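Peer 1: What follows is the residue order along each chain.
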Amino acid sequence: MNLSFLSTGFLYLLPLSLLPIVIHLFFRRKPKHIKFSYLKFIKLAANNVTPRKKLQQWLLLLIRCLILLFLGLAFAKPIGYIGGVKQENKNKNIFILIDTSYSMSLNSSGQSTFNSSKDLAISIIDKLIPPKQRAINKQIGVILFSNYVEQYTGLTNDTEYLKKFILQAQQSYNPTDLVPAFKYAYELFYEQPDTNRAIIVITDMAKHIVAEDNALISDGVEKYNSNIQVIFVDAQNNTVDNIAAEKTTLLEEPLRLNVDIENFSGSQQLIPVNLSIRDKKVCDSTVRLDPKKVTSYEINFTEKQQDEIYGNVTIQEDALNIDDACYFVYPIKTQKRVLVVDGDPKFGFGVNSESYYVNTSLSGIENDRFSVKVCNLQEFEDENEIDKYDSLILCNLEEISEKSVGLIAKFSDASRQKTVLLFLGDKVNPENYPGLLNENIGTIQESQMYIADYKNAVNLFKDIDNFELDKVKVTKYFKLNTSFSNVLLQLDNGDPLLIEKTMNNSKLFIFASTADREWTNMPSKPFFPYFIRSIIESTSLVADKKESYIFNAGQPIKFTPEFSFTSAVFMLPGGETAPAKITPKAPLREISLDKTQKPGIYELQLFSNSGKVSKYFAVNLQNISLESSLEKIDTGKLNKKFPKTRVSFLKADKDVQQKIFTIIEGKELSKEFFILILVLLLLEVILANIRI
Amino acid sequence: MATKLKYLDPATLLKLGKLPLRAKYVVEGVISGMHKSPSKGYSLEFAQHREYSQGDELRHIDWKVFGRTDRFFVKQYEEETNLRAYILLDTSNSMAFKSENNIDKFTYGINLAACLSYLLLRQEDSVGLTVFDEKIGKFITPRAQFDQFSNIVKTLENISPSSTTGISKVLNEFSSHLKRRGLIMLISDLFDSPQEVIRSLKQLRFKHHDVVVFQLLDPQESNFDYSGPVIFEGLETPDSVQTETDDIHTQYKNLFDRFIDEYKTGFRSSGIDYYPIMTNTPIELALWSFLAGRKK
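For the protein sequence lines, the chains are A and B, in the order given.
Residue 438 in this note's numbering sits at position 438 of the first sequence; the count goes up by one each step and never skips.
Residue 232 in this note's numbering sits at position 232 of the second sequence; the count goes up by one each step and never skips.
Hints listed in this document are in silico derivations from the structure and should not be mistaken for laboratory results.
Every value quoted in this text rests on a predicted model; they were computed, and no experiment measured them.
Glycine residues also receive a C-beta, built at the ideal position from the N, C-alpha and C atoms.
Hints should not be assumed to be uniformly reliable.
Quick list of the computed label-pair ranges, beta carbon to beta carbon [claimed, not checked]:
(1) Glu233/B / Leu678/A: 44 to 54 angstroms
(2) Glu233/B / Gln56/A: 23 to 33 angstroms
(3) Asp56/B / Lys35/A: 49 to 59 angstroms
(4) Ala688/A / Phe206/B: 50 to 60 angstroms
Produce the entire structure from the sequences given, and follow the hints as far as they go.
Peer 2: Structure (structure tokens):
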């Protein structure tokens, strides 16, 4: 059996195993000379005891020397190669798997783990097949992997080709998964049955490299072969803390962005957080993060522009900076579309019609915050795009037909919150109203009343105190009952003037009177426009989320515009362009970018005869909560995932190439040596305690 | 413990002047400590009365009998004359051994011999001295006159340890010199063959001699309190032995204890009084235990 060693440094300590002999020879106590009266008994005792005692002492000396010798050898990690020459001549095939996942971009010592891994892989190749040597019986292949096999070479002894391949390898933005890479390597090895085979994995040995469950690698790999040796090399020897911005969520009322930030370190952190929208920093604050927890942090902001917001939340940069930004694109609706259905619309919005007052209240507002369409019941029933409206105002309708009821139900059941405002009036016949509406409508009351109580309305009408409500007079109104509803405005006599109730996902407001001045003077008072706008603005700012605009890195972006265009191109986060793939699809055409890479905002520029339109998409890292955790994997657990396989775990130190070389050439005997040391220790204890 | 404190340890005793003085000091001390008149003697054994005749010493007249009978009777002892005591002192080289803080066995033996001589002469017993190693060196015939003490002391002061031990041979030779029954007191470390020594002493007993053996031992010979490697050089023989004392300690002790036991058993079965004495034992105590033993 040939022996070689992984940690050769310890071999220099082997001469120390002679220490017991040195101590015995050079540190012996000098005997005293004593004149004694009678030597007979001393001679007898000495003759009886000394030979056995000497044997015992020499045995102890030998055992102690052996213990030190084997200890030195065990720490030197011996590799025994049984069979010697014959097996050494056997063909050897080796795959080097290099982790390209984004956690490998960690830069804690001036160079990223990925670049160190590339250098390491090249040095391993040089060790296994030394330059200018013909390696007839040894072939090496390289597989670059993240959560799938990104690139690979076949088995070859052309080391220059392999090195070139490695030098050109690029870091990916994907998470790690060992299984696909191993599956691929085992499949390739399956074609090389009669060889000594080994897989060298260069990774950061983070916990996320393989699923934290009891599944074995062999479970997912059909061609798994326990005879194939596996060597893991930890390319990142430093322990580094990390913080990651993981996810954003858009919240409203008020408009705000929630960001989940995970602190993977074991200590509390206080870090700056920035929110940028459309490349402009809109918020700059700090957040305190508890150790080993996800902290949800809300950032308030205002937005006046239409359609969508895009940007990013960034946190303080750390060693793994790729996960320090989280990108977002959210479609929003700042312009409210209002559909007014008037039972008796006057031509040209005649004075005294409800639609006139509503339209007047919503016009002339900056930035076109409101878009109003007035129609009669017949036109309403023919409306095809009821979804696009945010508010529906029904004014003095004599009846609400069955078809109208269906439309109102569809309108109110959208994924976002909308409002329905019902103005009653002289034409209203509650019997012709559907259940939800008529259950609250009573008979007409004629009595001069004033608004007396509005305490329940302050949430909806935040500035209500600025208006002279005591001048709002109601002379005619429907008596409303308050079942299943919330009374927002109340008259002197306690009768409700405005009630609010839930209708599917939306809110239904019923106004007991009407905009007709014969019923109330409210339309002529400053409170009325504020009243109308507040109810409409209580609808959701967030647009219908029919499509997602946030993608994972590595995934394709797909988008189907609702308008025609002539050409399209993607602007990537780095400023580069990528051609958009356009798939003819009647009646619309789908635009896609096959593969996203770097996280950031991707701009799709659509060109048509009328100009350029941009659509934005956010691309974020996948599985951040796992991949950004740099905690090291339990090698014991990882070992168990490779049943019956000899798995070695090495640190990327200066001797790692030598260690890999010897592992591939033979069998590590450290464990056996330690068992032998234990046996020798036991022998030593027993022998030292034998009384002679 | 109080008894021990009362006496001087042997090393201190040596500083008390010359041998005769020391002997007197020790013996007087021991006797006064026993609260008995030394003039009555312990070794003299009363046999019968006989009528006074001219020439008899007046001090032997039994006045009590005179008071009852108005006639002079003198006490007649088993021995018509004084006790004849023979002190045999071993002067072989092994007796020169001494351990730290103790006096050597030879010096102890000389002092013990002087004390015994003084004690016996004071009782008007005859005392003789024989010094020997492998053969008899000096032989002083027992006499009861008090100048005998000076003779004995002079001899003791002029001897030194020499040669090897040959106790049994010496005893056999000594035995042939004895004409009358007597008290034979052997002072030696008895480093000889126990069987032979016992056999020789048994022969003396067979001839109706009273035999007392003082075995002088150094505490280290018994305890063997050495540690580490030691080269032991023989006092009587030119050879030496190197050993790790910690290794052989138990074995040595066992052998030595067996050696002492052999003497103890042999002497007991032969009716020989046996007094093993360590050289750190005050001589007074040694004497005291001897006298106490004799009283019985």
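Peer 1: Tell me if the beta carbons of Glu233/B and Gln56/A are separated by a distance inside 23 to 33 angstroms.
Peer 2: Given range 23 to 33 angstroms: holds, Cβ gap about 27 angstroms.
Peer 1: Cβ-Cβ distance between Glu233/B and Leu678/A: within 44 to 54 angstroms?
Peer 2: Since the Cβ atoms of Glu233/B and Leu678/A sit about 46 angstroms apart, the hinted range of 44 to 54 angstroms holds.
Peer 1: Could you tell me whether the CB distance from Asp56/B to Lys35/A stays inside 49 to 59 angstroms?
Peer 2: Holds: the Cβ-Cβ distance is about 56 angstroms, inside 49 to 59 angstroms.
Peer 1: Confirm or reject the claim that Ala688/A and Phe206/B have a C-beta distance inside 50 to 60 angstroms.
Peer 2: Roughly 55 angstroms apart at Cβ, these two residues keep to the hinted range, so it holds.
Going through the hint list in order, the structure satisfies each hint without exception.
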